[in-house]
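Colleague: Generate the whole structure from the sequences, applying the supplied hints.
In order, the protein sequences belong to chains W and X. Going by this note's numbering, the first residue of the first sequence is number 1, and it counts up by one from there. Going by this note's numbering, the first residue of the second sequence is number 462, and it counts up by one from there.
You may find that some hints are simply not true.
Said to hold, decoys possible - The calculated lysine-lysine pairs, modelled on DSS-like cross-linking and capped at a C-alpha distance of 27 Å, are:
| hint | chain 1 | residue 1 | chain 2 | residue 2 |
| --- | --- | --- | --- | --- |
| 1 | W | Lys-426 | X | Lys-463 |
| 2 | X | Lys-675 | X | Lys-745 |
| 3 | X | Lys-632 | X | Lys-801 |
| 4 | X | Lys-492 | X | Lys-745 |
| 5 | X | Lys-469 | W | Lys-418 |
| 6 | W | Lys-426 | X | Lys-469 |
| 7 | X | Lys-769 | X | Lys-632 |
| 8 | X | Lys-493 | X | Lys-463 |
| 9 | X | Lys-493 | X | Lys-675 |
Unchecked claim - Selected chain W positions facing chain X (in silico; Cβ < 8 Å):
| hint | residue |
| --- | --- |
| 10 | Trp-42 |
| 11 | Gly-43 |
| 12 | Gly-392 |
| 13 | Pro-403 |
| 14 | Leu-442 |
| 15 | Leu-443 |
Stated by the list, open to error - Chain W regions said to be covered by chain X (calculated; three or more residues, Cβ under 8 Å):
| hint | region |
| --- | --- |
| 16 | 355 to 367 |
| 17 | 425 to 436 |
To be clear, the hints were calculated from the coordinates, so they are not data collected in a lab. From the three backbone atoms N, C-alpha and C, an ideal C-beta is built for every residue, glycine too.
Listed here are the chains, written in short residue letters.
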Amino acid sequence: MVFSSQVFLFLFLPAVLLCYYIAPRRWRNPVLLCFSLLFYAWGEPRYLAVMLFVILVNYLGALAVARRKERGRGAGGVLTLTLALNLATLFYFKYTAFFLRSLQAALPVFSELSIPRIVLPIGISFYIFQSMSYTVDVYREAVEPQRNLLDFGTYVSLFPQLIAGPIVRYRDVADQLRQRRESLSGFAAGVGLFVIGLGKKLLLANPMGALWEALQLQPGTAAAWMGMAAYTLQLYFDFSGYSDMACGLGRMFGFEFLPNFRYPYVSESITEFWRRWHISLSAWFREYVYIPLGGNRRGLPRQILNLAIVWALTGLWHGASWNFVLWGLYYAVLLIAEKLFLLRLGEKLPRLLRHLLVLLAVSVGWMLFYFEDLAALGAFLTRLVTPAASGGYAADLMLSYLPMLLAAAFAATPAAAKLYERVRGKRWAPWLRLGGLALVFLLCVAALASQSYNPFIYFRF
Amino acid sequence: MKATRLEKVTCLLFGGAVFLMALLFLLLPEKKFSAFEKRYLSTAPELSAEELFSGRMAEDMESYMADQLPGRDFWVGLNAYWELFTGRQNGKEIVLGTSGRLYERPVRWDAQTVEENLTAIRDFADAIGRTPDLMLVPSAGYVLRGDLPSLREAYTDGDMIAAIYAMAGEKANCFDLLPLFEAAEDPGALYYATDHHWTSLGAYTAAAAWLQSKGRAITPAGDYSVTREDGFTGTTYARSALWLHPGESIELWDSGKDFSVELSEQEGVHEGQFFRERLAEPDKYTVFLDGNHSLVRIENRTPGASGKLLVIRDSFANCLGGFLAEGYETVVLADLRYYKYPLSELVEAEGFDDVLIVYSLGNFLSDANLLWLE
Chain W
1 MVFSSQVFLF
11 LFLPAVLLCY
21 YIAPRRWRNP
31 VLLCFSLLFY
41 AWGEPRYLAV
51 MLFVILVNYL
61 GALAVARRKE
71 RGRGAGGVLT
81 LTLALNLATL
91 FYFKYTAFFL
101 RSLQAALPVF
111 SELSIPRIVL
121 PIGISFYIFQ
131 SMSYTVDVYR
141 EAVEPQRNLL
151 DFGTYVSLFP
161 QLIAGPIVRY
171 RDVADQLRQR
181 RESLSGFAAG
191 VGLFVIGLGK
201 KLLLANPMGA
211 LWEALQLQPG
221 TAAAWMGMAA
231 YTLQLYFDFS
241 GYSDMACGLG
251 RMFGFEFLPN
261 FRYPYVSESI
271 TEFWRRWHIS
281 LSAWFREYVY
291 IPLGGNRRGL
301 PRQILNLAIV
311 WALTGLWHGA
321 SWNFVLWGLY
331 YAVLLIAEKL
341 FLLRLGEKLP
351 RLLRHLLVLL
361 AVSVGWMLFY
371 FEDLAALGAF
381 LTRLVTPAAS
391 GGYAADLMLS
401 YLPMLLAAAF
411 AATPAAAKLY
421 ERVRGKRWAP
431 WLRLGGLALV
441 FLLCVAALAS
451 QSYNPFIYFR
461 F
Chain X
462 MKATRLEKVT
472 CLLFGGAVFL
482 MALLFLLLPE
492 KKFSAFEKRY
502 LSTAPELSAE
512 ELFSGRMAED
522 MESYMADQLP
532 GRDFWVGLNA
542 YWELFTGRQN
552 GKEIVLGTSG
562 RLYERPVRWD
572 AQTVEENLTA
582 IRDFADAIGR
592 TPDLMLVPSA
602 GYVLRGDLPS
612 LREAYTDGDM
622 IAAIYAMAGE
632 KANCFDLLPL
642 FEAAEDPGAL
652 YYATDHHWTS
662 LGAYTAAAAW
672 LQSKGRAITP
682 AGDYSVTRED
692 GFTGTTYARS
702 ALWLHPGESI
712 ELWDSGKDFS
722 VELSEQEGVH
732 EGQFFRERLA
742 EPDKYTVFLD
752 GNHSLVRIEN
762 RTPGASGKLL
772 VIRDSFANCL
782 GGFLAEGYET
792 VVLADLRYYK
802 YPLSELVEAE
812 GFDDVLIVYS
822 LGNFLSDANL
832 LWLE
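Modeller: Structure (structure tokens):
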């Protein structure tokens with residue numbers, strides 16, 4: 001199920017809110033667990049088993065790790081086994097076909113091998129990463145193992161962040177799982193976040209997606225640039241909108257998740273961009289891959305290697321295809337270059353130019369991300385630098401979407417939030433904001449009622 | 462921390478909205494048909510293990526809720542106006558003209574369908590041993606292309622019709638409406654502003670010229686007694702969801718000739734060509750020959766009428782049929798979307814004097830049912 005659907009908004013959500021709030025406190029986690037399993041099973045009932053398997057593996061694995069820690073030996077072996085099971089599950093469902101195809105390309109001997117058709121269970125990359133963070137943290141004794149299977153299951157399957165993040169570390173919500181205080185204030189804040197996220201998805205990301213789809217087919221340099229801008233905006237609003245909705249829903253049930261995006265497109269360097277984009281994922285890779293590999297403590301050559309490994313994996317996490325690996329390595333190169341000299345060089349440039357260069361680098365990056373076919377990618381990048389006139393239809397398309405594109409670009413900056421800060425103290429300001437939220441919600445329902453086409457981009461991951 | 466009034470109102474509004482929508486959805490009776498959208502709505506999916514485990518339940522439930530959403534027409538309209546307000550009119554199925562008229566977006570050339578349809582016509586001509594007439598009706602967007610916002614996707618009906626006529630060769634007498642329509646005093650009066658069909662004037666203009674080419678007579682335009690029915694909104698209106706758009710009037714042109722109509726799916730004979738009782742229904746356009754039927758037979762009982770005409774057609778001939786009937790004693794209209802018997806047999810049995818194939822260009826480019834001509 002997705003949040004931006006009528007079944008979620010007008011059946012699932014009222015039902016879960018009602019059951020949750022009439023249930024006595026000790027029944028609230030089981031209620032959430034049941035609804036989360038229903039949420040997950042809704043579109044793909046068969047893959048419920050995969051998630052239950054992952055829950056069990058990490059629940060038992062972490063308990064065994066903790067027991068062996070007490071005894072003083074053997075914990076590492078259990079940890080390795082648990083992580084191997086997690087990664088094998090992820091590999092099987094996400095990378096088997098990719099691996100076999102790459103193998104065939106490299107070694108024609110295997111060309112007879114048939115490639116199985118495996119459907120990717122929704123959200124598997126997210127909940128496996130969450131679960132592994134838990135088991136590793138138990139091993140590091142950063143957190144107590146969870147002895148209650150229902151509570152642990154609630155953590156892994158919690159529907160707000162189940163299918164598209166943020167990747168919530170267990171230790172960040174361990175206390176909230178046991179004792180959290182739901183409040184009207186928290187609920188109201190959650191409503192605000194949720195509605196903003198819904199608006200980002202339905203009112204900004206979807207139109208930008210439609211524009212990108214349409215412009216791709218149109219000739220002309222301007223059409224290519226505007227199309228790239230539209231896709232860049234679509235990705236941000238789609239994904240950050242989903243994160244906002246997740247955080248907002250979490251707050252309605254008393255959970256507080258860390259923010260996943262902080263206006264990434266205002267960054268002045270690629271390093272800064274990755275501190276603002278999909279924060280929970282970068283944090284995960286830093287904590288569980290980069291630092292264990294030695295991070296920056298083993299000399300520059302090793303640090304460069306570590307960065308390359310982390311970013312190749314980050315790319316691969318986003319999708320089982322070489323273009324994602326390429327996309328990850330693209331960032332590895334940029335980040336290493338920034339570490340070595342680019343940051344210092346950039347400081348000499350005017351701020352605006354730095355902004356624009358970062359935006360350009362990120363947008364071109366999204367093209368690597370978008371085009372799985374390298375030839376198509378090459379053709380598109382060539383279009384960006386080949387002067388060609390756009391046809392009348394493309395011109396009309398660009399003109400008619402220009403207001404939305406500008407509005408979206410504005411919404412991708414903290415400008416509106418800053419403006420609001422200025423008037424925040426005024427009595428009417430919060431009411432005006434509430435009115436704005438109500439309008440956004442109405443328009444979202446209208447958009448939902450009008451469209452059957454509503455796929456979430458981040459479902460592939 | 463105690464919640465402020467603002468926070469309480471926020472919770473109340475949001476909670477109220479989702480619960481109210483849920484309750485209305487669960488309690489309101491299921492709607493079968495949307496008058497605005499002119500289509501049947503999806504009904505509740507049936508619960509079964511197979512539905513559930515295949516995941517189809519989720520899809521069906523989503524489209525069911527989309528169709529049954531409380532206040533659906535309002536929401537769809539709100540979205541249409543939001544898109545209008547934010548300028549996103551490009552690429553929509555319905556194009557808003559500068560005058561406020563609503564057009565279908567340009568039709569696309571489909572070489573395969575054209576070839577198949579022309580082959581069907583050629584085979585049909587061979588089978589009946591005579592050359593049928595072919596009349597393709599250009600779209601309103603083409604005839605009124607000056608009304609479109611600049612830079613919009615271009616209508617090329619003129620080129621497409623010319624190409625089809627050239628390809629048809631000698632197997633069809635092609636009748637070109639374009640010069641006629643472009644020379645019209647007010648081309649805007651030939652088509653409805655909220656529907657894709659031609660108006661009575663448009664149909665009359667076509668019928669008069671075609672009958673004349675056959676050496677047959679029709680009442681002069683000024684001699685009809687015209688009644689106007691206001692409040693008509695048609696297909697382009699329904700598809701645009703711009704509900705605040707004003708309706709227009711349907712004109713019924715009565716020549717005073719003595720007509721009776723038989724419909725294939727109904728018993729009995731209907732007196733007169735207009736089905737006025739239909740004007741009370743949401744789809745007023747069915748006043749013309751009762752909407753779509755596989756076979757319609759119009760008898761002209763006016764003394765002196767002679768000849769038999771077969772019209773192979775789409776819905777544009779609903780309005781055209783009455784005018785054509787003025788020049789014949791009998792007109793039979795066959796709609797191949799519904800009539801699934803070999804037409805050559807009908808021709809043999811009835812002995813028609815003339816055969817006219819009349820289609821809107823859009824249907825000719827997309828409808829594969831001409832196959833049933835044989």
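Colleague: Starting from the hint list further up, note which numbers the structure goes against and sort them upward.
Modeller: 2, 8, 9, 16
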